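Colleague: Residue numbers (the numbering used here), protein chains in the order written: chain A, 1 to 334; chain B, 1 to 334; chain C, 1 to 334; chain D, 1 to 334; chain E, 1 to 334; chain F, 1 to 334.
In short, the hints are calculated from the structure, not lab data. Possibly wrong hints are sitting among the right ones.
Straight-line Cα separation of at most 30 Å, DSSO-like style, residue types lysine-lysine; simulated pairs [stated by the list, open to error]:
id	chain 1	residue 1	chain 2	residue 2
1	E	Lys-286	F	Lys-286
2	A	Lys-173	B	Lys-114
3	A	Lys-173	D	Lys-209
4	D	Lys-209	F	Lys-160
5	F	Lys-331	D	Lys-173
6	A	Lys-100	D	Lys-331
7	D	Lys-100	F	Lys-173
A few chain A residues facing chain C, derived, Cβ under 7 Å [claimed, not checked]:
id	residue
8	Gly-66
9	Gln-70
10	Ala-179
All figures in this text were calculated on a predicted structure; none of them were measured in a lab. Think of the CB as a built atom: it goes at the ideal place given N, C-alpha and C, for glycine as much as any other residue.
6 protein chains.
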Amino acid sequence: MRILCFGEILLRLSPPNAYRFVQARLFDAVYGGSEANVAVSLAQWGEQVSFLTRVPDNELGQAALGALAQQGVDISHCKRGGERLGIYFLEQGIGRRASKVLYDRAHSGMADLKPGMLDWQSALEQADWLHWSGITPALSQGAAQTLMEGLEIAKKLDVKVSCDLNYRASLWKYGASPASVMPELVGFADVLLGDRKSFLTCLGINSTKETSPDTLLAMVGKTFPRLRFIAMTRRDGISASHNTYQGLLHDGLQLRMSQSYDLPDMLDRIGGGDAFMAGLIHGLRKMSDDTQQIVEFATAAAAFKHYVAGDFNLCDEVEVRDLMAGNTGGKVNR
Amino acid sequence: MRILCFGEILLRLSPPNAYRFVQARLFDAVYGGSEANVAVSLAQWGEQVSFLTRVPDNELGQAALGALAQQGVDISHCKRGGERLGIYFLEQGIGRRASKVLYDRAHSGMADLKPGMLDWQSALEQADWLHWSGITPALSQGAAQTLMEGLEIAKKLDVKVSCDLNYRASLWKYGASPASVMPELVGFADVLLGDRKSFLTCLGINSTKETSPDTLLAMVGKTFPRLRFIAMTRRDGISASHNTYQGLLHDGLQLRMSQSYDLPDMLDRIGGGDAFMAGLIHGLRKMSDDTQQIVEFATAAAAFKHYVAGDFNLCDEVEVRDLMAGNTGGKVNR
Amino acid sequence: MRILCFGEILLRLSPPNAYRFVQARLFDAVYGGSEANVAVSLAQWGEQVSFLTRVPDNELGQAALGALAQQGVDISHCKRGGERLGIYFLEQGIGRRASKVLYDRAHSGMADLKPGMLDWQSALEQADWLHWSGITPALSQGAAQTLMEGLEIAKKLDVKVSCDLNYRASLWKYGASPASVMPELVGFADVLLGDRKSFLTCLGINSTKETSPDTLLAMVGKTFPRLRFIAMTRRDGISASHNTYQGLLHDGLQLRMSQSYDLPDMLDRIGGGDAFMAGLIHGLRKMSDDTQQIVEFATAAAAFKHYVAGDFNLCDEVEVRDLMAGNTGGKVNR
Amino acid sequence: MRILCFGEILLRLSPPNAYRFVQARLFDAVYGGSEANVAVSLAQWGEQVSFLTRVPDNELGQAALGALAQQGVDISHCKRGGERLGIYFLEQGIGRRASKVLYDRAHSGMADLKPGMLDWQSALEQADWLHWSGITPALSQGAAQTLMEGLEIAKKLDVKVSCDLNYRASLWKYGASPASVMPELVGFADVLLGDRKSFLTCLGINSTKETSPDTLLAMVGKTFPRLRFIAMTRRDGISASHNTYQGLLHDGLQLRMSQSYDLPDMLDRIGGGDAFMAGLIHGLRKMSDDTQQIVEFATAAAAFKHYVAGDFNLCDEVEVRDLMAGNTGGKVNR
Amino acid sequence: MRILCFGEILLRLSPPNAYRFVQARLFDAVYGGSEANVAVSLAQWGEQVSFLTRVPDNELGQAALGALAQQGVDISHCKRGGERLGIYFLEQGIGRRASKVLYDRAHSGMADLKPGMLDWQSALEQADWLHWSGITPALSQGAAQTLMEGLEIAKKLDVKVSCDLNYRASLWKYGASPASVMPELVGFADVLLGDRKSFLTCLGINSTKETSPDTLLAMVGKTFPRLRFIAMTRRDGISASHNTYQGLLHDGLQLRMSQSYDLPDMLDRIGGGDAFMAGLIHGLRKMSDDTQQIVEFATAAAAFKHYVAGDFNLCDEVEVRDLMAGNTGGKVNR
Amino acid sequence: MRILCFGEILLRLSPPNAYRFVQARLFDAVYGGSEANVAVSLAQWGEQVSFLTRVPDNELGQAALGALAQQGVDISHCKRGGERLGIYFLEQGIGRRASKVLYDRAHSGMADLKPGMLDWQSALEQADWLHWSGITPALSQGAAQTLMEGLEIAKKLDVKVSCDLNYRASLWKYGASPASVMPELVGFADVLLGDRKSFLTCLGINSTKETSPDTLLAMVGKTFPRLRFIAMTRRDGISASHNTYQGLLHDGLQLRMSQSYDLPDMLDRIGGGDAFMAGLIHGLRKMSDDTQQIVEFATAAAAFKHYVAGDFNLCDEVEVRDLMAGNTGGKVNR
């Protein structure tokens with residue numbers, strides 16, 4: 001049975017060589033997006049994965065799907081339609097200069113999605129897991145409703161559901177507030193990834209900086225009793241090129257925390273959280289109930305992503321496990 | 001006094017090395033667009049030129065205006081606002097494979113223009129010439145109305161008006177037909193550039209292939225009596241890399257035809273018509289009534305454009321005149 | 001039912017910008033090879049295609065298969081193993097300087113193939129067509145024997161077989177002569193592509209320059225009575241950048257010749273014959289018995305390939321048909 | 001009223017990817033130079049800025065001025081003439097390998113400047129501030145005399161003057177010593193930037209390592225009583241990729257020191273001092289008498305420059321203030 | 001015994017992709033120059049060649065010499081010194097836009113050469129042939145005198161001398177006219193290459209367009225009786241991308257003309273004449289008295305050069321002979 | 001007298017910008033290999049160096065030798081022959097992701113070497129030093145025997161011998177174990193470089209982590225009494241971008257240890273050990289018996305290599321000595 005990832009795939013354009021936007025005479029082009037990134041990670045690690053989205057019927061839509069197929073993701077359920085492919089412009093930061101993202105994804109095939117456009121039934125019949133993120137309901141009412149449509153079918157078909165809250169303030173522009181939309185959707189989830197801010201904004205879970213992760217995740221669990229696993233990540237931004245990263249996972253009983261990774265000389269941090277999410281899903285599917293191992297794997301996957309260019313975390317399971325096991329990267333692999 | 005060019009400036013993204021869209025891992029980025037191209041040509045040739053447009057208040061908008069300023073175009077009247085910068089994707093053709101343009105310019109700052117947003121009065125007070133093209137009224141009703149707003153002020157201030165019909169079927173999407181919008185706008189023009197198809201679609205001027213250019217332009221002149229000069233260009237597309245090009249200019253009395261240029265090994269044909277338009281404006285301003293010289297200059301400028309990468313025809317007047325005078329390009333200039 | 005293409009996929013390395021090998025500080029890297037190119041063409045045009053090969057179990061093997069998957073080719077039957085991925089170095093010619101190919105494909109996973117390594121049975125059970133080329137039996141005795149193994153299963157399963165003789169003198173190095181190996185293999189084919197030289201060298205069919213194509217193909221047909229269709233192509237090499245190209249198809253009764261294409265300003269001629277072969281297969285499957293249409297489609301596909309960078313002929317059926325219909329490439333597609 | 005920056009604009013050529021000069025097959029080309037860098041910074045922050053220089057009447061001179069215009073700097077007073085455009089070759093250092101500069105600027109339009117060539121009068125009439133640096137008088141006697149010519153007019157027109165001593169031993173080649181030329185020129189300045197070594201070499205101010213900055217700047221102030229503000233910067237070169245940076249400003253009464261910035265993963269340190277100088281000028285013009293704020297702003301601007309490729313510090317005031325306020329760069333700006 | 005080539009080696013900077021100078025953000029960097037190009041061609045074809053020049057003692061000088069050594073040219077006699085390495089900027093033309101050269105070579109190590117700086121004696125003792133071109137005496141009086149110094153030693157050592165007049169009007173700037181300098185220098189030559197214009201300007205040989213090459217070369221021969229071979233080339237510049245090329249050689253008795261080459265789709269014409277000169281020298285040394293073969297070889301070498309990027313004609317003798325024998329370039333060399 | 005370096009020169013292909021192999025659409029191409037790297041370092045520092053190898057008679061072999069000649073290495077003894085040029089693919093690591101090397105060097109001209117193929121006699125007659133590494137005997141029995149052939153002639157001619165054990169487990173594939181091959185070969189050496197692991201695997205010298213370097217090197221010295229100098233290096237791999245590096249040298253009496261270098265922001269660590277080896281040879285030849293200075297120089301050379309792209313350590317002796325003297329790289333060299 002497959003994992004079905006539902007979301008948008010975007011064209012990402014970023015000036016090479018750490019140039020600023022105003023200096024760009026070239027843009028590096030890759031395809032990505034939160035849920036697509038999750039799908040690709042899972043496929044790299046041997047999972048059967050299918051992606052569900054809507055892209056315009058033009059060469060850019062074609063190229064976006066080809067990028068998924070190249071990494072082993074099934075694209076047979078994807079729909080062609082809509083006005084344009086979503087784009088995001090990324091100015092890679094360095095040192096004391098932060099990275100910048102300019103979203104240009106309004107009016108895309110995904111943003112203009114309406115219920116009935118996708119064939120959820122056949123996509124979900126081959127799946128036992130559905131993953132979505134808070135980016136989709138942020139795009140438009142139609143996208144939010146289409147997600148709901150899928151969640152209901154998933155429930156009927158007894159498909160597990162994971163959700164990454166992925167709160168981006170700059171995306172919620174169509175009038176609805178996250179808090180008015182997200183709780184109902186999250187109600188379908190078995191697995192949730194978020195952080196303090198998104199728990200507040202999307203789910204109305206109030207906490208202070210003093211609230212321990214343990215307490216916080218327990219509060220979330222109480223509010224959404226269907227949730228079996230709740231996860232968080234902690235990032236410390238020493239500079240645009242140097243972060244630390246740690247993952248936390250609560251299984252309803254206990255909080256497990258991964259080792260904390262020191263991440264110097266970062267290459268591309270975009271998709272770190274998606275790599276974590278993918279690691280979580282893979283762990284929950286393949287590492288039985290060893291929550292410590294699961295959170296360690298997910299965090300190592302996220303850590304590795306900081307050293308892979310583009311949105312996709314192109315690495316195999318062995319590389320993730322090497323990092324978990326303490327490989328510093330300091331030796332040449334011959 | 002200045003020439004004011006009103007229109008959109010776009011980000012143009014095209015895969016290098018004649019790659020197809022689906023192969024692109026890089027996009028060359030330049031800024032351009034029909035009216036911007038006219039502005040830049042005029043500035044290269046020593047005219048005082050100002051550009052009027054609306055770009056979003058972000059780095060891409062900033063870069064677009066910077067590209068104009070770099071070439072000597074005044075941008076002080078430009079307005080910041082709107083959701084996004086218009087984009088067009090260009091797949092450069094070669095040999096038997098035609099070039100492709102994918103427009104992604106809906107919902108741009110220019111497309112979302114509404115009357116009252118621009119300060120036409122102060123922009124036109126410093127101008128004695130206003131240039132616009134049929135692309136603007138194709139974008140949206142608001143853009144068409146904003147143009148009308150400007151044309152009326154131009155009339156009051158006795159500013160000359162030139163128009164390039166620039167008919168692009170794929171742009172007229174907001175409901176209005178060209179024929180219902182363009183004639184009123186063209187009624188303000190002193191100078192017009194078009195071709196058989198645009199005269200029909202935009203102005204309702206019916207002709208057959210047998211109608212001579214002389215008769216055709218005379219028909220246009222009769223319908224729009226304010227027009228002092230009407231121009232056409234003829235292109236023969238031998239291949240994506242080899243065209244011929246000729247210009248025609250009617251001054252109400254007589255038709256003048258330029259020499260026909262053989263254009264092998266073309267580098268970038270985008271903006272050829274804009275270079276012609278700029279040559280026409282420059283000629284009408286600086287070459288008194290020598291219509292033969294004017295059409296020769298405009299055509300040579302257009303011919304030269306085929307050998308300059310990007311939208312802008314970066315060349316000086318001497319280079320255009322050399323081409324007019326028969327320079328084949330076969331000697332190295334040391 | 002699927003088309004199964006059997007052959008090698010290589011890493012192709014070529015210096016950009018028409019640099020010579022000795023000048024190269026960069027190599028453009030794509031993946032390709034005769035049979036892979038056929039597979040990708042067919043997938044672009046909507047056929048279900050599977051590729052069968054053996055690549056080493058390293059990142060280069062992975063990347064090669066990913067390149068096929070990206071274009072919609074099924075890679076689930078491919079085998080991992082062998083010492084290295086075959087490479088070919090390509091120095092793109094221009095004008096009076098011819099292109100050069102340096103093969104570095106000895107000792108590859110495909111060259112070291114032995115009978116029993118591949119699962120022909122399951123690959124052919126899902127197929128109704130098997131395509132191979134003369135490159136495979138040229139690599140090694142093991143490769144030739146493995147091909148024979150497949151052909152026999154194909155015969156049992158009543159799978160149609162097409163063969164492109166693809167004679168490359170520099171590849172036959174393991175001791176056997178083409179004439180001692182090929183006839184038996186060609187005996188399984190229903191469809192054959194070759195040229196005068198390959199008919200002689202591989203099949204022992206003697207002809208002179210005076211022999212008409214009609215007679216020549218009839219001679220081949222007589223020798224290999226299983227053949228239903230025999231095709232040839234004719235290329236005139238005016239320069240490295242300018243060729244003409246024509247296709248011929250004999251259906252046992254009659255010879256059909258396509259229009260001849262003038263191909264100026266060529267971008268990349270590698271894979272032209274493979275595009276023809278793919279067009280032939282697609283035509284034979286989808287255009288019933290209209291041999292004139294089939295040979296026209298195949299030739300137009302080959303002509304188009306000269307304007308697509310890389311080994312793969314990335315274009316859709318509409319683009320091929322436009323070229324057949326006389327599109328010169330001279331107009332911009334907006 | 002405008003700020004007038006007087007100096008040279010150079011073509012800067014540097015091998016990409018940290019290649020050494022002897023490895024370079026490509027050079028990245030940007031335009032810059034100390035005073036031009038100051039001008040561009042000021043224009044980014046909303047000041048009206050004009051640049052005064054002399055460039056050859058060829059395409060490189062044109063491109064150099066275009067680079068300034070693109071960033072909003074007025075170039076209408078620039079003069080065309082001279083034999084060549086000054087060039088500097090930059091080999092970017094990394095880690096333990098220091099950056100290298102090869103000057104190739106002798107015999108440039110600026111170096112061959114003679115009094116009377118520039119129209120100081122009209123340039124200064126629109127200005128209330130003149131900025132120059134010690135690089136200009138280092139180039140040639142004519143350049144030094146031309147500067148003197150301007151300073152005298154500035155004095156008459158009551159234009160404020162700032163000077164960056166910018167001592168480069170390798171530039172003083174025409175026979176005069178800095179100490180014989182600079183004091184008279186510095187005598188016109190209201191604002192001065194230098195360091196211990198340049199105070200000694202250019203102004204003859206003797207100090208030891210033990211002399212406190214406070215004392216040192218006071219000594220300078222005593223010698224040049226017209227000076228209202230004297231500034232210094234301190235850089236610690238941990239490696240070619242990691243420095244620390246701090247600014248100091250003395251207002252005649254008191255020394256203010258900025259926070260010290262830790263600058264890991266530096267991208268391009270060239271122009272750091274120019275960014276500081278620009279910050280100083282902008283601060284002195286816009287931040288009334290808040291010398292602490294001024295030195296903090298100038299230092300943050302310099303710090304930011306280390307993360308912008310090229311000579312120009314392309315950043316807006318908000319980005320500088322964010323850095324002042326403690327933004328580490330560790331968060332993505334969406 | 002070696003061939004000694006005396007002249008300047010320059011850094012050549014040219015914008016890639018047929019960009020114009022004002023568009024360049026990158027420059028492709030190669031090293032070349034007329035006499036260096038001759039040296040490299042000769043080394044490719046198996047001659048022992050030494051280069052004599054003066055380059056600055058910095059990394060650019062080092063890189064220039066390394067480029068020669070890489071191609072097998074001995075650099076052990078080269079001298080380090082002078083202020084800068086000569087540069088020339090090349091804007092590659094295309095189609096109707098001509099190529100442009102901007103010389104920036106004044107004040108180079110070669111231009112500042114003075115008699116006594118080079119060790120002619122030891123360089124010439126190992127040589128039996130000395131090649132120089134008219135570019136050197138055009139640079140400065142010192143360069144002209146240094147050449148004379150060498151020619152006199154060559155005479156004493158009975159070293160053969162060849163000269164390419166290579167007249168470039170824009171280089172003769174130091175006061176002397178070519179006609180006052182060249183005749184004495186050419187008096188030492190055994191072999192001469194020129195064209196009608198250079199014979200007039202440099203040697204004072206008056207001819208009209210009606211003068212046949214035969215007569216013209218005979219006139220030159222009469223004036224310089226030491227000359228054994230006099231050669232000319234004819235180029236027809238159909239466009240910047242398409243020329244024709246033919247060589248002529250007079251041996252005192254008879255004029256031999258090569259076949260005329262049609263050169264479409266040219267890649268880089270710089271150095272065509274130098275390739276011809278090298279072919280001439282090689283032919284005169286290795287093809288006994290077969291003047292027809294010699295001029296055919298020289299012309300084919302020149303023709304080939306149009307398809308090699310950079311100044312150097314990187315090709316072996318077989319490739320030149322293939323072109324002589326009628327190879328159109330239309331076949332792939334596998 | 002010359003230093004003769006014997007070994008393989010390879011084409012090194014690595015994806016730019018820290019891309020992973022599967023992402024590569026371009027490969028940066030340089031030439032290198034352990035012994036070639038030693039040769040180039042020595043030539044940069046003014047030694048007379050000759051390289052001895054066997055490369056295929058094609059353009060890649062030619063380019064490989066040209067790369068050596070460019071850096072001043074004599075290639076006149078190199079032999080053309082064999083099937084292919086050895087290749088190695090390098091994926092540059094960064095931060096927590098380690099570099100990867102994929103060897104594709106089997107069946108190369110060097111690997112297929114047989115005794116009698118090279119002219120050792122004439123190569124060694126001009127030499128007083130022979131350097132080889134453990135990579136050559138790892139390639140094949142023929143390569144090992146050819147080395148032995150050379151060592152015996154070296155002994156007869158009284159040529160000093162240095163050896164870098166350079167143990168690479170993945171290369172020993174032809175059946176022999178290092179321990180069965182290396183001791184006899186090392187028996188000819190005067191100078192040896194190795195590390196604990198290679199001493200064990202190649203020489204059978206057993207030690208534990210507790211064995212001090214002093215004791216260990218003494219053990220090696222006892223086993224191979226001809227050795228005058230034995231060296232080791234110590235690297236601590238903090239990350240793929242940050243290492244520390246220290247050298248040790250035992251002269252039979254005493255162990256000398258260099259300062260330890262902190263190497264942040266590494267650019268290219270490949271060839272670090274080769275740079276050390278070259279430094280050792282140069283030191284032993286030019287720094288009399290100052291073993292402390294020798295090991296400091298060798299270590300500084302190795303440290304510098306981490307900041308030079310490619311295999312070759314392109315730097316002069318001054319730069320190495322600056323690093324020895326404490327230059328952090330933090331200042332711009334103007």
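Colleague: Work down the list of hints and note, for each, if the structure agrees.
Modeller: Evaluation of the provided hints:
1. E:Lys-286 with F:Lys-286: Judged against 30 Å, a Cα distance of about 45 Å means the pair is violated.
2. A:Lys-173 with B:Lys-114: 21 Å, holds
3. A:Lys-173 with D:Lys-209: With a Cα-Cα distance of about 59 Å, the restraint between A:Lys-173 and D:Lys-209 is violated, given a limit of 30 Å.
4. D:Lys-209 with F:Lys-160: 51 Å, violated
5. F:Lys-331 with D:Lys-173: 22 Å, holds
6. A:Lys-100 with D:Lys-331: 9 Å, holds
7. D:Lys-100 with F:Lys-173: Violated - the C-alpha atoms of F:Lys-173 and D:Lys-100 are around 45 Å apart, more than 30 Å.
8. Gly-66: At 4 Å from the nearest chain C Cβ, A:Gly-66 passes the 7 Å test, so the hint holds.
9. Gln-70: 3 Å, holds
10. Ala-179: This interface hint is violated because 41 Å lies over the 7 Å limit.
Of the numbered hints given earlier, the model fails hints 1, 3, 4, 7 and 10; all others are met.
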